[in-house]
Amino acid sequence: MLLVFIETRDGKIKKSSFEALGEAARRAAELGAPVAAALVGPADAGLDAELFARGAARVFRLESPAFAAYSAQDYALALKTLADEVKPAAVFLSATAMGKDLAPRLAAKLDAAMASDCTKVAVEGGSLEFTRPIFAGKAFATLRLKSAPAIATLRPNVFAAAAPCGGTGETIVKAVAVPDGAVAGRVAEILKESGAEIDVGEAEVIISGGRGLKGPENFALLRELAALIPRAAVGASRSAVDSGWIGHSHQVGQTGKTVSPNLYVAVGISGAIQHLAGMSSSKVIVAVNKDPEAPIFKVADYGIVGDLFQVVPALKDELKKIFAE
Amino acid sequence: MEILVFVKRVPDTESKIRVNPETRSVVEDGLNFVISPFDEFAVEEALRLREAGTGKVTVLSVGPDETTVILKKCLAMGADEAVLIKDAGRETYDGLRTAKLIAAAVRKRFPQFDLLLFGKQSVGADNGQVPSMTAELLGLPQANVAVKLEIDGGRGVVRREIEGATEKVEFSLPAVVSAQKGLNEPRYETLKGIMAAKKKVIPVITPEELGLTNDDIAPRVEVVKIETPAARQAGKIIPGSPEEAAKALVGLLRNEAKVL
Ligand SMILES: Cc1cc2nc3c(=O)[nH]c(=O)nc-3n(C[C@H](O)[C@H](O)[C@H](O)COP(=O)(O)OP(=O)(O)OC[C@H]3O[C@@H](n4cnc5c(N)ncnc54)[C@H](O)[C@@H]3O)c2cc1C
Ligand SMILES: Nc1ncnc2c1ncn2[C@@H]1O[C@H](COP(=O)(O)O)[C@@H](O)[C@H]1O
Numbered sequence: 001m002l003l004v005f006i007e008t009r010d011g012k013i014k015k016s017s018f019e020a021l022g023e024a025a026r027r028a029a030e031l032g033a034p035v036a037a038a039l040v041g042p043a044d045a046g047l048d049a050e051l052f053a054r055g056a057a058r059v060f061r062l063e064s065p066a067f068a069a070y071s072a073q074d075y076a077l078a079l080k081t082l083a084d085e086v087k088p089a090a091v092f093l094s095a096t097a098m099g100k101d102l103a104p105r106l107a108a109k110l111d112a113a114m115a116s117d118c119t120k121v122a123v124e125g126g127s128l129e130f131t132r133p134i135f136a137g138k139a140f141a142t143l144r145l146k147s148a149p150a151i152a153t154l155r156p157n158v159f160a161a162a163a164p165c166g167g168t169g170e171t172i173v174k175a176v177a178v179p180d181g182a183v184a185g186r187v188a189e190i191l192k193e194s195g196a197e198i199d200v201g202e203a204e205v206i207i208s209g210g211r212g213l214k215g216p217e218n219f220a221l222l223r224e225l226a227a228l229i230p231r232a233a234v235g236a237s238r239s240a241v242d243s244g245w246i247g248h249s250h251q252v253g254q255t256g257k258t259v260s261p262n263l264y265v266a267v268g269i270s271g272a273i274q275h276l277a278g279m280s281s282s283k284v285i286v287a288v289n290k291d292p293e294a295p296i297f298k299v300a301d302y303g304i305v306g307d308l309f310q311v312v313p314a315l316k317d318e319l320k321k322i323f324a325e
Numbered sequence: 001m002e003i004l005v006f007v008k009r010v011p012d013t014e015s016k017i018r019v020n021p022e023t024r025s026v027v028e029d030g031l032n033f034v035i036s037p038f039d040e041f042a043v044e045e046a047l048r049l050r051e052a053g054t055g056k057v058t059v060l061s062v063g064p065d066e067t068t069v070i071l072k073k074c075l076a077m078g079a080d081e082a083v084l085i086k087d088a089g090r091e092t093y094d095g096l097r098t099a100k101l102i103a104a105a106v107r108k109r110f111p112q113f114d115l116l117l118f119g120k121q122s123v124g125a126d127n128g129q130v131p132s133m134t135a136e137l138l139g140l141p142q143a144n145v146a147v148k149l150e151i152d153g154g155r156g157v158v159r160r161e162i163e164g165a166t167e168k169v170e171f172s173l174p175a176v177v178s179a180q181k182g183l184n185e186p187r188y189e190t191l192k193g194i195m196a197a198k199k200k201v202i203p204v205i206t207p208e209e210l211g212l213t214n215d216d217i218a219p220r221v222e223v224v225k226i227e228t229p230a231a232r233q234a235g236k237i238i239p240g241s242p243e244e245a246a247k248a249l250v251g252l253l254r255n256e257a258k259v260l
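Those protein sequence lines, which keep their order, are chains A and B.
Take the first sequence: its position 1, counted from the start at 1, is 1 in my numbering, and no numbers get skipped.
Take the second sequence: its position 202, counted from the start at 1, is 202 in my numbering, and no numbers get skipped.
Please keep in mind that the hints were generated in silico from the structure rather than gathered at the bench.
Keep in mind that this is a model prediction, so the values were computed, not measured.
Even for Gly, the Cβ is constructed at its ideal location relative to N, Cα and C.
Check before you lean on any hint, since a few could be wrong.
[Claimed, not checked] Straight-line alpha carbon distances no greater than 30 Å define the calculated DSSO-like cross-link-like pairs of lysine-lysine that follow:
1. A:Lys120 / A:Lys15
2. B:Lys199 / A:Lys192
3. A:Lys298 / B:Lys247
4. A:Lys321 / B:Lys258
5. A:Lys146 / B:Lys225
6. B:Lys56 / B:Lys199
7. A:Lys12 / B:Lys168
8. A:Lys15 / A:Lys316
9. A:Lys192 / A:Lys298
10. B:Lys56 / B:Lys225
11. A:Lys14 / B:Lys56
12. A:Lys283 / A:Lys120
13. A:Lys214 / A:Lys192
14. B:Lys258 / A:Lys316
[Unchecked claim] Computed spacing ranges between beta-carbons, pair by pair:
15. A:Val86 / B:Ala218: 24 to 30 Å
16. B:Ala218 / A:Asp180: 32 to 38 Å
17. B:Lys225 / A:Asp180: 46 to 52 Å
18. A:Val173 / B:Arg155: 31 to 37 Å
19. A:Ser127 / B:Gly211: 30 to 36 Å
20. B:Glu208 / A:Lys146: 19 to 25 Å
21. B:Gln112 / A:Asp111: 47 to 53 Å
22. A:Lys146 / B:Phe110: 29 to 35 Å
23. A:Asp111 / B:Ala230: 33 to 39 Å
24. A:Glu124 / B:Tyr188: 44 to 50 Å
25. A:Lys298 / B:Glu189: 33 to 39 Å
26. A:Ala175 / B:Pro111: 32 to 38 Å
27. B:Arg109 / A:Asp111: 21 to 27 Å
So that you can see chain A by itself, here it is in the shape it has in the complex (with noise of 0.2 Å):
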């Protein structure tokens, strides 16, 4: 059984976990399993029908109050207490904040070996193969985890969720015991970042401002074109966030984020080495900068070479006719 963590937030599954859902009923296709996942706490009673339409034949329904708020030991200990009993040859989580912070902490309890932020899966001869970015995208690895089960967290934006069928399936409510207290520490309040609706992580178009844009309240610019845009966020480069232009939530590159959009649109961004780690593996790239030799120039798919105060302008124009059509 390949089985799926389901990670819900504000009530809906996110994204990111139907495209990790996608990518295990592909690969259980090709390994005769079954494919489940598991909601751990509270979840709506139609969550069920959605992941039975996109690929699970089974739903685990884990059940305790201290589920309520997310812990990540808490969480741990409920997929483990299923994983113990339907021994899934590999458990996929999304490399989203939570992911990464659960998957590190159930593979320890299940005392198995681990795939972060995996760009690929395959299946070689009977078993699973992951492929993960090394340095950030300067490399990638291929691995194979000599362990039952293997853990592995996939990466937003990049494995394709299952389009919905009419699937249809069972649901198994199992209550976990959770010993009181025995180790404290569970988030307490969720705060929201005014205005940024989707981080760059998960975003499908990316609009990045770097030095060039000369100030923070330029930033307003860039947010504009990415409003226009659906799916998309505004990201930075390392000079940009230091300047205390924008916050480093923005950040991509080596010591950011490492991203993988449809679009990534660099704005006033040189290039550097760091940078480029981080959003090479962008599919399509856009540069805009004043100078024809600026690095960023050899990665890109399309270049402007101009003054980005006159071009992000007559982008913002173009972009609002198309999409007003």
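Following the hints, put chain B with the ligands in place on chain A, whose structure we already have.
Positioned in the frame of chain A, the structure of chain B with the ligands alone reads:
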């Protein structure tokens, strides 16, 4: 407060990565090794906590002999002690193996502690595994990717980044916290610190001394291959006035690249 900080020796972020397909590993000749950038935030945070109260900061690393260079840097920044857990092996990508070495060292040599500080991820392996795994092995609460840490008596509060928001995590001590950029601004070593660090002896612990057998620390991640991606090709430069170029670009993105 007793604080243990875990740091890793990694190739610096300027490095061009070359791969030896035969050995299925990254070529290390000519690379410059440094303390992993996120670990510097962890060291800085430990020093600030000590300065705000009392206690001791001990820095530990699992790695080869050359790791003493980064441990000396931590001493020069102001850490009280540094210890090397000797591990000659090359990068295994097996976070649990490292976490087992760390957990064994903590249990055997540093059973009294309040806080274990890590970087959120080691540059290179990019695993982000060791902090949570160590927390599990030692039965501690965890708060990862911290951009803010407050300790008050026996409790801690961390702000951590999640998608488009921050999460407030509350926990009791002892605990594991991993550092994200934004937590603080790491200090530079002072000349006085560098001189003092020179004189300090860095004790070395071996896995055997921690009671770990070769079996216990055999990597369970098998590297099938390591490859560098095909270099991207420079694409089209779109000519014309800003307006013409913008119009042409949007057309190309829509009709040729099909990403809009
Ligand atoms: C340990 C370490 C980690 C790092 N990690 C990261 C990381 O994760 N991410 C990252 O991005 N960097 C990282 N860096 C920093 C990196 O080396 C570069 O310094 C940084 O990426 C440069 O940012 P920039 O391109 O915005 O600025 P610059 O290099 O100054 O480039 C600005 C560009 O804007 C252009 N420009 C200026 N005005 C205009 C205009 N009016 N119109 C059009 N173009 C204009 C210029 O031609 C220039 O190319 C790291 C560095 C270190 C040492
Ligand atoms: N060999 C090591 N020695 C000491 N600490 C380590 C080692 N490897 C990882 N760590 C710690 O664990 C964090 C996350 O590393 P990783 O799981 O490899 O991404 C690092 O930032 C360090 O704080």
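Hints and how they fare:
1. A:Lys120 / A:Lys15: holds, 18 Å
2. B:Lys199 / A:Lys192: Violated - the C-alpha atoms of Lys192 (chain A) and Lys199 (chain B) are around 49 Å apart, more than 30 Å.
3. A:Lys298 / B:Lys247: holds, 22 Å
4. A:Lys321 / B:Lys258: holds, 17 Å
5. A:Lys146 / B:Lys225: holds, 15 Å
6. B:Lys56 / B:Lys199: holds, 18 Å
7. A:Lys12 / B:Lys168: Given that 30 Å is the threshold and the Cα spacing comes to 21 Å, the pair holds.
8. A:Lys15 / A:Lys316: holds, 28 Å
9. A:Lys192 / A:Lys298: Judged against 30 Å, a Cα distance of about 37 Å means the pair is violated.
10. B:Lys56 / B:Lys225: violated, 43 Å
11. A:Lys14 / B:Lys56: violated, 43 Å
12. A:Lys283 / A:Lys120: holds, 15 Å
13. A:Lys214 / A:Lys192: Between Lys214 (chain A) and Lys192 (chain A) the Cα gap is close to 27 Å, so the pair holds against 30 Å.
14. B:Lys258 / A:Lys316: holds, 18 Å
15. A:Val86 / B:Ala218: 24 to 30 Å: holds, 27 Å
16. B:Ala218 / A:Asp180: 32 to 38 Å: holds, 37 Å
17. B:Lys225 / A:Asp180: 46 to 52 Å: holds, 47 Å
18. A:Val173 / B:Arg155: 31 to 37 Å: holds, 34 Å
19. A:Ser127 / B:Gly211: 30 to 36 Å: holds, 32 Å
20. B:Glu208 / A:Lys146: 19 to 25 Å: holds, 23 Å
21. B:Gln112 / A:Asp111: 47 to 53 Å: With a Cβ separation near 27 Å, Gln112 (chain B) and Asp111 (chain A) fall outside 47 to 53 Å, so the hint is violated.
22. A:Lys146 / B:Phe110: 29 to 35 Å: At roughly 30 Å between Cβ atoms, Phe110 (chain B) and Lys146 (chain A) fall inside 29 to 35 Å, so the hint holds.
23. A:Asp111 / B:Ala230: 33 to 39 Å: holds, 37 Å
24. A:Glu124 / B:Tyr188: 44 to 50 Å: holds, 48 Å
25. A:Lys298 / B:Glu189: 33 to 39 Å: holds, 36 Å
26. A:Ala175 / B:Pro111: 32 to 38 Å: Cβ of Ala175 (chain A) to Cβ of Pro111 (chain B): about 36 Å, so the range 32 to 38 Å holds.
27. B:Arg109 / A:Asp111: 21 to 27 Å: Since the Cβ atoms of Arg109 (chain B) and Asp111 (chain A) sit about 23 Å apart, the hinted range of 21 to 27 Å holds.
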